[in-house]
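K.L.:
Listed below, chain by chain, are the residues.
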Amino acid sequence: MAEEGKRLEFELDDEDLKLFSEEAAEQIEVLDVALVQLEADADDELLQRIFRAAHTLKGSSAAIGHKKMASLTHAMESVLDALRQRRLRPSSEVVDALLNALDALRVLANEVVTRQDSGIETQSLEEELLALLENAGEEPANAGPGHGDGADFGFAAQARADIAAHRASGKSILAVSVRIRDDSPLPGIRCFQVLQELDAAGTVVATDPPRQVIEAGEADYVVRAVVAATLPPAQLQAALADISEVAGAEVREIGEDEPLGAPAPASEPRPLRPGAAPSAGEPGNAASASRRAGAGSIRIDVERLDGLMNLVGELVIDRARLIRIKDQLAAVLSGSELAELAENLEETTAHLGRITDELQDAIMRTRMLPIRSVLARLPRIVRDVATRSGKKVELVTAGEETELDRSVIEVITDPLVHILRNAVDHGIETPEERRRAGKPETGTVTVTAWNQEASIYISVKDDGRGLDFEAIRAKAVERGLVSAEAAAAAPPDEVLQYIFLPGLSTAKQVSDVSGRGVGLDIVRTNIERLNGSISVHSERGKGTEFIIQLPLTLATTKALMVVARGIVYAIPLVSVTETLPVRGADIHSVGGRRLLRLRDALLPVLELAAALGDRRPAVAEPAYIVAAQHAGRQVALLVDHVLGEQDVVVKSLGELLGARPGIGGATILGDGTLGLIVDTPSLVGGAARESRETQLARVA
Amino acid sequence: MSARNPAESPAAEEHVVIFRLDREFYAIDIHSVQEIVRLQPITAIPGSDPWVEGITNLRGRVVPVVDLRRRCGIPESEHTSETRIVVVHCSAGTVGLIVDAVTEVLRIPASAIEPPNALSQSAANGYLRAVAKLPDRLVSLVNLDALLGLDEATAAAVDEAQEALDAAA
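Chains as they are written, first to last, in our numbering: chain A, 1 to 700; chain B, 1001 to 1169.
Only chain B is shown next, with the shape it has when bound in the complex (with noise of 0.2 Å):
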């Protein structure tokens, strides 16, 4: 993320991938995002967190992905043709992103992005890093690691996880 910080960046601008989920629009850095495909085929696996939608097969490679409504609390819905997997690397590795739609791929100019406030409903969640004002709209820039980090309680349910195999083993 550092690397790409607007305010160290020469251009003076950010470039990013914009995806839409129920009525708001979001913002990752294209570095970060490897592909985007249609909804394909994709297996649940038992027992992992909800917002875990399963594991898919890209080209021989087996990709999490992510369901991004349920990661962020938003109703779910029916997927539709727009519907999209976003797929980013992380720290977590490869990983794709179930999105409503994705719109478009933008320069958005360094003078336009803030850091995140009351504006957003969101921000209070920690993986909104800045917000970008454009003419017609608002995009949230997204901090990937964040997002899709483990939180406490998920660690904590990993390493309960993993003891119980230890033991079992």
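The shape of chain A in the complex, shown without the other chains (with noise of 0.2 Å):
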């Protein structure tokens, strides 16, 4: 049936395809979220919320003509439609259906933009959602929104007096309804249509939805209203049954004495099985006709916000080089007539000063977004992995309202997700595990955000078995990642660093779930790429404790200037523990190599500019030492000196250099020179293999 890898061709442009994507991925988001929290609570706003997702996909589905994606999205919509009318309920077995299906509406969603076939089957899925079907209820004569149900529209008095005065002025009055095809991907669109004609028409009295709900494109399928007009039912009926993907319409005219209601709305067959596919629409229009943003928001291309944040970030350099011709200009002038000037101009770049401050951090506020989105995918995860494992898990989250730039937001989802599995598949004990080490047989998860100064800390804590250091320290001896004698001497908190060495795994099976342990190393990795950390925590048969710290946005980072060799370097301050002069300092020789002693740690001393590989002689005597750690590890760094702290904007060296091991990109300093930003974690890293080829080499 499907063929994998055969070219599918859809009906839209590069543009319609953005969209496209960006909807359904956001329409599956909600679905993602809104299906787990199905079995705790099916509220009747949630379950209108689902359907709509549903509903939408199906819509713009259709529209660009993926049948596959629009049959199933159908089938999922016909399961929701019995959820909300409670003909259904919302049992684990249902969800289940609901979430498979979901997961193969992302794969048919990238067919989209991959243009080949992914070979996904699709059929079963249709099958087992409409199976659930048959055990739901009948469906109510009069069920869900939009079914009309004859009853009054509940007029004011108002609207009974105008009828009555145009009933007076010889006019008709007219009930109609319209309903507009099930597999319209504009539905809102065409209930305006509707109430254009009406308007056309004659005076519109009332309707339902009210007006303002069909102006603002937001009705749904139904459109029922009251008119009072000229023209006879028939030729109004018709009128309307004109517009694009109406499915029905009927106009009667209303009898002095008859109730105010209006005729159920002529309504298609529904297709009895989901192969019956809706007709397309019109292709390309669905998506950019649903994406509406509330009220009051708009939405803004990332490219542009990162376009305006490059160019505040060249406006705060502008404004460092004004205050130092400002300085200049102060010192030329003292004492003379024109000291005047001077200080105009002093008053002014303060003000310029604030300005760019004040516009810096709205633009940065713009790019903010709270880390609910993240933390609202964790459910679901949590859910598959405990189902999968055997384990009952309860995740409980908090601080939903942190924010964080959106490039954070990017990145720190996969590291937060691996993390998460890991604390449900091998942090979490069995159900029977728990109950025979006196826990509560459901296991709990934590996940909590919080900001602190210019970070974000994410914390993933488990109630589980906690970490087995013996069987850490076995590991990685038996991988080769430590001699048995450094594994046996090292703490527990050293013990800790190993499980993040590359080829650690401690779980005794390896499970499909979080697999063996490759991916705790990347996920550090990672995070320090980002100028972050991870650190952990375990106590045994107490559970563990992730925590990730990550900058509050990846556009702008604190960094200590320090000169070497004439050249500015701008280290990052998340990896400078502290500095100190030369002068005074603990400096020794070691077979060979230098050694700081900082109390009661021995950090080998490097030239900030010979380790980044400067062949040009020294110029001064280095003053300074830098002390940095990476990951653990610590080293002194000897520097000319030391200019101070500053936020600096990361700017890449470009294609031509590449990436330079030990640094990690360029940065406009106060006076328009460019400044070099240190990779901490390659030059630390370096250190370290240089120490170790150094013991090995005493050794041989």
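In short, the hints are calculated from the structure, not lab data. Ideal Cβ positions, reconstructed from N, Cα and C, are used throughout, including at glycine. Watch out, some of these pointers could steer you wrong.
[Said to hold, decoys possible] Simulated coverage check for chain B against chain A, where a stretch passes if three residues somewhere in it have a Cβ under 8 Å from a Cβ of chain A:
no., stretch
1, 1045-1052
2, 1092-1098
[Unchecked claim] Partial list, computed: chain B residues near chain A (C-beta under 7 Å):
no., residue
3, Pro1041
4, Leu1058
5, Gly1060
6, Val1062
7, Ala1101
8, Thr1103
These two chains come separately, so use the hints to put the complex back together.
P.N.:
Structure representation (structure tokens):
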């Protein structure tokens, strides 16, 4: 049936594709979050939200001619409709079927991007969904919104008076009911067209939904109205039926003594099988029309925000230059008649400075999003992993309001998910083990986010079995990662660090859920690339906590500015532990290498410029030491002098130069020249490697 | 490059920027040239190739700068008031080239352009794509991508650096 890899054609251009993908991702996300909530609490509002998301997906996939996706969403929609009408209970069987279908939808939505048939099989998923409906109760005669029930509109007294007045002036009062086709990707627009037609025909006395809703394009699939008009009902009915995607229109004159109801809308017969795919609407328009943001907010392309951010970054730099010029000018003009000019300039630069700060802050904030969207994805993941590994796990999240830059949101998800999976799969014990240990059967995983200074912290804490230090020691030795002596002598804190070594896994069984220990090392690498850190605490039998720390934004970073051989370097502040003068420092020469004794630690001493490969002769004797750390390893960096702390905008060195060990990029300094950003992890890693080699050389 | 191939050009001429290195003249397609600026502060990059002078701040953009004398194996000399940075676009992005002087912008008729031959002493370097015979002198037409492209040794060094970085991280 499905031919994997077959090229697929969809009816959309690149712009539509982007819109479709964005919208599909958004609706799938909504479903992902909401479906898991269903089991716990199936309130009407939630059901309505789920139904709308599925419905939107059906509409947009039909619009681009993605029949498989439209057909599957249609089957989902049928089940959701039954849930909404309380004909079906959201049992875990139902939720499972819906989640499975949702996973398939993800793949199908991606087909639009790749234009390749993924070969995914949806027939059985659809059958599974429809089988659920067999257990569902009968469809109530008047269920669901939009199924006209002939009830009074609940008109205000004013409307009744209006109707009486219109009647008196010789107009006939018409009850109108229009139903838009189920598969219309743009029901809101169609409803609006209906309203326009009615306005043209006469005076619209009342509508359901209210006029404002229809005018906002937010109406659903049915419009009912009472119109005072002079034209015959049949003529209006024909005009309404001519509107695209109208499934049925009914217009009837209401006699003076009749209740002010409207007839039940003529509806299209529901397709019984999902195979009867809805016909495509107008290709391309669906996605763009449904790109409605909430009132008072707009969507902005991230690239534009990045552009703004870059511009402000340059403004910040110019301000710094202006302040220097002002200082120079003040020095030159001091005491002269023009000294007042320098003062004026000072006031202006101060004001410009404040405005720039506020602007930077404001733009920064537009890029900030609450972490809620990331945390909202977690219940699904916990549910999946717990189900597959036979655990009972409750997920508690806190700090949903914590805001962080969207660049950080993009990178935080993967590590967080990885650690969470580990916590459920390896951390939490089976219900039986927990019972034996005197713990409640259901384990708890708590994910908490908070801001502290310029960082965001996320903690993933479980009340599981805790890490087995002896097993980690043994495994590290077995894998040849550390020597038996070193492992035996290592204090618990150091042993904990072993879990971040490549190729170490302590899980006795390799599960298909969190894999085999590959990962924690990659997780750490990725976090540290972003100037973040990850730490772990664990207590046997009580549980394990991972804490991820990341800067609030990746666009700027706080750095210590130093000079070495005439070049200004920015050392990210997260890695700087302290600075001290060389004079009086406790430096020893051991085996041809210099070591700094700093309290109870011995740090290898590196001359920063030389370590980075600067082959030019030194211009001055280094006067300062910057102690920098990475992953628990410290080095002492010799620099000529220290300039102070600064916010730096990180810029790439460009393609010609590419990535260089030890140098993470460039930044523009206050005088307009460029400084280099030190990549502490590679520098410290290099030093550690060198020290191992030296040790080996000594042994040999 | 191919889009500007003189053989295909209906105008049958090349519009070029001519610069001088030592006593030789070179030409770059004017469409590759973004701008020409006076020598400005350049920050050295430790451990980079010797012909890379460093990076400079071009109105907020970080642009790598190449010393063309060193790149072309011409002995170094002091920078003068005529020294310029020619900012060009090539496959490696925007790059600044330090040249001794920018002499003129010229339209060279295709009839005056010949493939490089023994006349040019640097032809063997591969970055000269043609030679233009002007009435008063010879001008070498530069293939920027070949001039700035990474040769194999450099590419290997970059790979090695990347591996060291990965291993360290």
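K.L.:
Indicate, hint by hint, whether the structure satisfies it.
P.N.:
Structure-based check of all given hints:
1. 1045-1052: n = 5 at 8 Å, threshold three: holds.
2. 1092-1098: holds (count 4)
3. Pro1041: Nearest chain A Cβ about 4 Å off; hint holds.
4. Leu1058: violated (10 Å)
5. Gly1060: holds (4 Å)
6. Val1062: holds (5 Å)
7. Ala1101: Constraint on B:Ala1101 not satisfied, violated at 23 Å.
8. Thr1103: violated (25 Å)
In summary, the structure is inconsistent with hints 4, 7 and 8 from the numbered list given earlier, while agreeing with the others.
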